[in-house]
Each structure stands twice: as C-alpha cells, then as structure tokens.
Amino acid sequence: MSSDSGRHPKARVRAAVPTELEDVACVLTRAFVNDPAMNWFGGVKEPVRDLDNPGTRSEQKTVRNQNWFQRAAVKATFLINGFIDVVVIPGSSSESKGEKEEIVAVAIWFPPGESLDLSPVTFVRAGLLRVIWGWGFSGGKRMLVDFSPAIEDSLAKSFKGRGLDRQDSWYLMEIVVDPVHQGKGYTTMLMDAGFQRTTPKPVHLEATKARTRDIYAHYGFEIDEEHQFGVGAVDMNGLKARGDAATGYPEWVMTKVRA
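Under this note's numbering, the sequence shown has 984 at position 202, and the numbering climbs by one with no breaks.
These are calculated hints, taken from the structure and not from any lab test. These figures come from a predicted structure and were not determined experimentally. One or more hints might be untrue.
Between beta-carbon pairs, the in silico distance windows are [what the hints assert, rightly or not]:
| id | residue 1 | residue 2 | range |
| --- | --- | --- | --- |
| 1 | V1013 | R796 | 23 to 31 Å |
| 2 | P791 | K983 | 31 to 39 Å |
| 3 | T801 | G1014 | 39 to 47 Å |
| 4 | A932 | Q978 | 41 to 49 Å |
| 5 | S901 | D935 | 30 to 38 Å |
| 6 | G788 | G1025 | 41 to 49 Å |
| 7 | K882 | E934 | 36 to 44 Å |
| 8 | G1025 | T981 | 45 to 53 Å |
Glycine included, each C-beta is placed from N, C-alpha and C at the ideal position.
Kindly generate the complete structure, drawing on both the sequences and the hints.
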C-alpha cells in the first residue's frame, strides 16, 4: 500500500482543464501501456519494455494506440461533463518563475447515468474511431461487444441484488499514478477528493491486476464478479498467446457502496 513517504510537500489535487488534454493523456498512457485489458483490446504481442524509448515497431504501435485511446477517454469525459482530477506538483525548474505544474496522477470520474456506452456523437467527437482503426476491427469488437456488455451485466446484477439503481452511481473509469511517482500517497489524495464529490452515491470500477484489486479493496470497494477475458487467445498479461499459456486475464468488477 502506498504511503506519504516521498510525497512532494506542495502536491495538491485540482481539476484538469481541456487545454491539459495532452499532459493528462501522457500520464494515463505511461501508467496503462502494459495493462492486460489494453493489451487484449489492442492485440498486443509483446510488452513495452522501455516506455521512454520503445524500440520495436510493435512497441511503438502499442504506445501510439494507447495514447490515442487515452486522449479519447479524456476528451469523452469532458464531453459528457465528467470530472478529471489531477495531482500536481511544481515543475522541475525554479518555482518562482511560475512554471507549468507537473501532473503526476489522474482520476477520471463518469457521473451517474454515464458509462462506456457512449452516444454515437460522443464516440466520434472523442476520437474513438481512430482508436478502433489503430486496434483493428477485432479490437473494437473485443471492447464494445465482448467486454463492455459483460461488465454492464455484472453491474446490473450486483446493483439489483443490493436494491440500488445502477444508473444512480459514479464510475471511476481510470485512476493512475505516473510510474515514476508511485508509492507517495497520490492515489489516496485522488480517492479522498473523489469521494467528497460522489458521497453518498455508490462508485464502481474495474481492476485488471490482483495488486490493484487489493488496493481498491483497501478503499472500501467490494468484488461484484470476476471475469476471465481472452481465454484461448491471450495470457494473464493480455498478450497474444497459444496453448496452455492462453489462460486469458482476470478482470474484477468492484463497487463501493458507502463512504
């Protein structure tokens, strides 16, 4: 679990603005570039070993597609009047010169009534057609046909079982800390700020790794259902695989009911 050790003394949470789309997408790209779900969507064959200098064409394509997706996610959030919280610290140069703040962590919140099932207009305006082009038709099918309906079905069942309205809940679509700034308590800063906004309504999210699943559990999220996506096609990291290695990767649907 992260701690406050190493946290910048001037770190603070604020709302991102549309002009920061590129910077926000960059942090999201760095954090999600080897995510199992993103690997599966994109038909990725190998991990990105050096994020700052992807060596092979395959790695470069993965980084490009990931950035396109994250740009679209950020733009879609603004279009649906969602919220993007960021943790910022002073830039690396002299603080007295009023330099640009550095974004070190990001959380994307979809308000009640919104989900990944975007309207066609929002889908196009956000730039998701380019994402589908980058992934290929199969990648689009994996996200829109195989993934999203399964997640929504899990949520519908879990909310019904609790006697709650699925549409009256928040969706924490993404929450990340830039890899070079992890372990400093920035996730806690984002969660605390987000829960101030969402309380008393439920919040749901997905976890693609046991480590992040356990982190979310620490913040009060409970597992609704576990899925195994890509069985027979990808390994536990979402990378293309065959035979016994093609186990698929786990994805946990989780909900926090009370603050």
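Now the hints, each set against the structure:
1. V1013 - R796: 23 to 31 Å: 42 Å, violated
2. P791 - K983: 31 to 39 Å: 33 Å, holds
3. T801 - G1014: 39 to 47 Å: Cβ of T801 to Cβ of G1014: about 44 Å, so the range 39 to 47 Å holds.
4. A932 - Q978: 41 to 49 Å: Given about 31 Å between the Cβ atoms, the range is violated.
5. S901 - D935: 30 to 38 Å: 20 Å, violated
6. G788 - G1025: 41 to 49 Å: 43 Å, holds
7. K882 - E934: 36 to 44 Å: 39 Å, holds
8. G1025 - T981: 45 to 53 Å: 48 Å, holds
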